[in-house]
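Engineer: Take a look at the letters that make up each chain.
Number of protein chains: 4
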Amino acid sequence: MSSAWGNKVKISVFGESHGSAIGVVLDGAPAGLKLDMDELMLNMGRRAPGRDKAATQRKEADIPNIISGVLNGTTTGAPICCVIENTNKRSGDYGNLLTKPRPGHADYTGYVRYNGFSDIRGGGHFSGRLTAPIVFAGSICRQALKQNGIEIASHIYSIADIYDEPFEPVEIGHDLINRLNEKSFPLIDTDKEDKMRSVIENARLSGDSVGGIIECCAVGVKPGLGDPMFFGAENVISSVMFGVPAVKGIEFGAGFDMTKMRGSKSNDPFKYENGRVITTTNNNGGILGGITTGMPIIFRAAIKPTPSISQPQSTVDLQSGENATIEIIGRHDPCIASRASVVIESALALALINL
Amino acid sequence: MSSAWGNKVKISVFGESHGSAIGVVLDGAPAGLKLDMDELMLNMGRRAPGRDKAATQRKEADIPNIISGVLNGTTTGAPICCVIENTNKRSGDYGNLLTKPRPGHADYTGYVRYNGFSDIRGGGHFSGRLTAPIVFAGSICRQALKQNGIEIASHIYSIADIYDEPFEPVEIGHDLINRLNEKSFPLIDTDKEDKMRSVIENARLSGDSVGGIIECCAVGVKPGLGDPMFFGAENVISSVMFGVPAVKGIEFGAGFDMTKMRGSKSNDPFKYENGRVITTTNNNGGILGGITTGMPIIFRAAIKPTPSISQPQSTVDLQSGENATIEIIGRHDPCIASRASVVIESALALALINL
Amino acid sequence: MSSAWGNKVKISVFGESHGSAIGVVLDGAPAGLKLDMDELMLNMGRRAPGRDKAATQRKEADIPNIISGVLNGTTTGAPICCVIENTNKRSGDYGNLLTKPRPGHADYTGYVRYNGFSDIRGGGHFSGRLTAPIVFAGSICRQALKQNGIEIASHIYSIADIYDEPFEPVEIGHDLINRLNEKSFPLIDTDKEDKMRSVIENARLSGDSVGGIIECCAVGVKPGLGDPMFFGAENVISSVMFGVPAVKGIEFGAGFDMTKMRGSKSNDPFKYENGRVITTTNNNGGILGGITTGMPIIFRAAIKPTPSISQPQSTVDLQSGENATIEIIGRHDPCIASRASVVIESALALALINL
Amino acid sequence: MSSAWGNKVKISVFGESHGSAIGVVLDGAPAGLKLDMDELMLNMGRRAPGRDKAATQRKEADIPNIISGVLNGTTTGAPICCVIENTNKRSGDYGNLLTKPRPGHADYTGYVRYNGFSDIRGGGHFSGRLTAPIVFAGSICRQALKQNGIEIASHIYSIADIYDEPFEPVEIGHDLINRLNEKSFPLIDTDKEDKMRSVIENARLSGDSVGGIIECCAVGVKPGLGDPMFFGAENVISSVMFGVPAVKGIEFGAGFDMTKMRGSKSNDPFKYENGRVITTTNNNGGILGGITTGMPIIFRAAIKPTPSISQPQSTVDLQSGENATIEIIGRHDPCIASRASVVIESALALALINL
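Chains as they are written, first to last, in our numbering: chain U, -1 to 353; chain C, -1 to 353; chain A, -1 to 353; chain Y, -1 to 353.
Treat the hints with care, as some may be off.
Repeated chains share a single entry, so a pair holds when one copy, or any two copies, can fit it.
Straight-line C-alpha distance at most 20 Å; calculated PhoX-like pairs for lysine-lysine [stated by the list, open to error]:
hint, residue 1, residue 2
1, Lys190, Lys263
2, Lys181, Lys193
3, Lys144, Lys6
4, Lys190, Lys98
These are calculated hints, taken from the structure and not from any lab test.
Please construct the entire structure, taking both the sequences and the accompanying hints into account.
Structural biologist: This is how it looks when you write it as structure tokens:
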């Protein structure tokens, strides 16, 4: 595994879905940051499942136990370790013998990579539950960024083929940001919530799942951040973003649609506004040549359908060496995309604090 | 800048568009690799402009002068430095005073990032010309990978709204790979070439440019490569890929389209075939949980329209502090996407040798 | 802080002397390693203070609570997090206002580096107590190395001006290694123990402290490990070794004494022995050009006198801005060097597993 | 190989002793630095052999050809590549078959590490000649540091058993620094020069070589630099310093001698002086807990005797598999330590710019 990441500010994520606890060490965060624990717990809650039918039924309190690096509510500059107990893990004995890898999961690849020793219970270290430590660490970075005028928000851009309105790329208002930051199911056009939830519920009822796209932004980022060619803003953001389970694509600004534009349209014209250089469009998503322009950073991350479904699926039996069928009994999370917003925002915070 | 990249095998790219030379140091490549210089020069040529009207008219010989790390045609294990002379640079005196940053380019962000000292002549270190050293270094890695049975290919998936056929995700034949590897303008369905070239030529005639998508694959990759969460195959590939100028998005396997599938469709079923575990579909693009599955690695990179166009554009005058118009005189490259294939392939080779 | 280290196998150390707990995440250790917990606890015990008068009187159980990465006693390949509770921390309220920095400690430099926010209680994250997580992580690496035939040992080379016998550089027997590995106060010539303890006790009685040198070796290391110029064996070993508090120097093989030899003496002649290339002397400490020779790796680390002493010392009062005197009341550890052996061995294990 | 190093400012060293050229890429150096080429050439000259009998007779012009990253004499922020031609390489045909590895050299370990493919001509990439690129890159960093008030100097602390005066640890005057910076054979007590040269000449006449110690300092370093535990000042300095060929030990401040002090002596008392916190002694060499104190950084590096000697030595014949004797004909460099000063200074500059 290499669950450690970062250059200036580093994280080291640990834990398994059905181990005693999960957590993270955040190393290099600035000293003297007074933590807003309410905001941090709000973010932890936005990620946590069990709030409504759109999520898995496993209920976790997700209480972060900060065991180092914070004194009297303020960061000391020393590594911050947070441990989150797994309160809801199944208590019985576990075997750890992988016989039938679940399609779409990392069961098989983890089995090959770790010579059959990876913890397969509930996905082990590959579980979506490991996004909780990312939210914890990212939330702290986010508070540090906020002190420098940088704010982050995201919304559910799509669930299956139901689309929200996109961010207005040139200017994203603080009211919208604040509103999105409070929601577990953040949408620009809240009228889309019923349709999206209905699509998710339909999938759930048929033992199936759906995917979606998260659109995320950062405003207040100064121009001039990023170290091209290979530690530019896009490199760093994508490098951490593909650490979020189920992310299969990322695009900045107009992204893939930009390939259908002509340069005369896709080039963002410069203009002075109140003495500041801005661009009048933002097809480049706030990044040119890997360096921030000062315009909103905007990107979208594609989240595949939750691989856990309740239908019979074709697989192999690694013990018998024969083809087989697997059927997973029990409730499942039909759409991890629907609560990935705060995870994507947190991963962005980790990236930005490293620029 | 941080034009150095890599963990096991590292590159350090240097040079400017109108400096004396460009080049790269490749550090950590395996010793004892007998270089196939014909293949290497074929790749250099596939990238080089000036072959046809689809490219810029600047003709560069792009002769790689290997000055270290290779003895008697074989790698020694010491760093390989390659210097490529800029034979075609303009010889006159240069000022270096950025007055009007070109929209879509890194002129403005480089100016801010480097306090006004960046070399702006022809884009300086941000120039697309800097992809030549990437092709050089990647080609050597590619030869090392080939010895381990790994082959890489790509094709022009789209130019503007003209699409080639996609790769067949489960099995990509060696004949196709070999055919694509020889082409500057690689297509699966060669009937699309005329249409694509016509779109490019139309853009050029109106002083404009177009973008496109490169689809790239690697076959023969063993299962079990990649170090999740943050040094998984997708993290590492995207981290280097966004170092290629003009890349604005990347998606693996079915990518963004996967978000519209249901899990029962997107999960790739496992199956034994000739004693080997395969998947009967490959929506995950050969990567599950950041680890290779043994199926073809498939991804697509979005290349924005060449920002250099010959039309008047709105910008600012950084000296006078006023809004302004810029018009670039001279021939331009109307579609860098059309010769990005070998660059994307080379960057993939650099990523794979680091897994 | 940057308490994270490592390239292939990474550690991230966290905790403060008087916080709730200390610990470490070990990321990238091999999967399938069956942990020998008795040996691991033996190492934890060798480091722990409170065993005899040569150490501080603070008694810590130092029970490592493994909360991830190990299942049924075997490593899974996922990050291993270990938390060690601070059972003996003072329970009263703490201020955190640094007024008088202790000479020789990191109080002042930490104050400057972390803008006055570092946890100063008992040294905070700079405390020698933080060597416990290093021993934990290093002990696991050591068990992995042992499976590959590599064994590590060390002894107290000197305390003040009392010297033990040095390692015989060309061949270090398994009996000696095994004997040293069991001791808290490891010596080649055990007759020196009384003298050394007497020097330490004398210092303690006068409220003072003494330093010493640890000599450490690794045998069974294959030739050909290390990546010069900058990730050679000496670079990597020294890079981690200076993370051990109080280390002020390191020398390999004959080290500083080698500067007084002539080349005809210091050059280690090669010779075939049982079909294997050996050197008949080992002034280079098993490393040539940054790469292991196959001979024992031998180095010495200088450990300065424990900075905590019970005598009045001159310092400054950072609040009043005036010169001041500080006198620390209470028992102190008069010689951290005397129990640094297992820490140095553990740090070496971390280095070797990264070569 | 891993001849790339650095976190913020990176170097990638390339070339072989008898290849066409050697050089370095310096990536991440600040933009806008006006290079003082005279000072840079002075440093190149201080390293270059052939000036007197104390050095090897190979005469190299060592002209650095800067091919990128500098425009109009000023750094642009882009990677700086410097190529230094090997003007004096032997022109005949070369075999590359290692039969008899030279004792004390990396011939044998390089052979094993690179499977017999390493370039053995003149030591290849392991040659002391590769310190020229380090001096080039370090000299640029040094000029950037100087703008921030940091100055570096060193002197030959010892050759064999002849010792110069040590630096006065608490205050090192600018006059001394300036004087040392101009010398190829820098000494505090210049009366020692004759004795040292005589020792070197005696060794040379008997076909032998001697070692020595370089003492190096940096003054003007602000307090508060360094990221403990593992990227503290000592870790970073030692990590790059062991990349200098022939370095076998490093000690900071009083170093190994500190182990013989009592804490009451070795602890450096704090004191206010002109409103600034200083220490009245500097046994810790300007570093406490891995963080700079603001006092002079002082360390010593042990340089082993040049392994190239002209006497017959015992070795093995790797082709025949039998013990053998090797005798190297021709003039040799009897004391690389005597011109290592500027290399050590340059490596320190690389370290400091990364803190």
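Engineer: If a hint holds in the structure, say so; if it doesn't, say that too.
Structural biologist: The hints, checked one at a time:
no. : hint               : result
1   : Lys190 with Lys263 : neither (30 Å within a copy, 24 Å between copies)
2   : Lys181 with Lys193 : within (17 Å within a copy, 47 Å between copies)
3   : Lys144 with Lys6   : within (18 Å within a copy, 24 Å between copies)
4   : Lys190 with Lys98  : neither (38 Å within a copy, 43 Å between copies)
Violated hints, in rising order: 1 and 4; the structure is consistent with all others.
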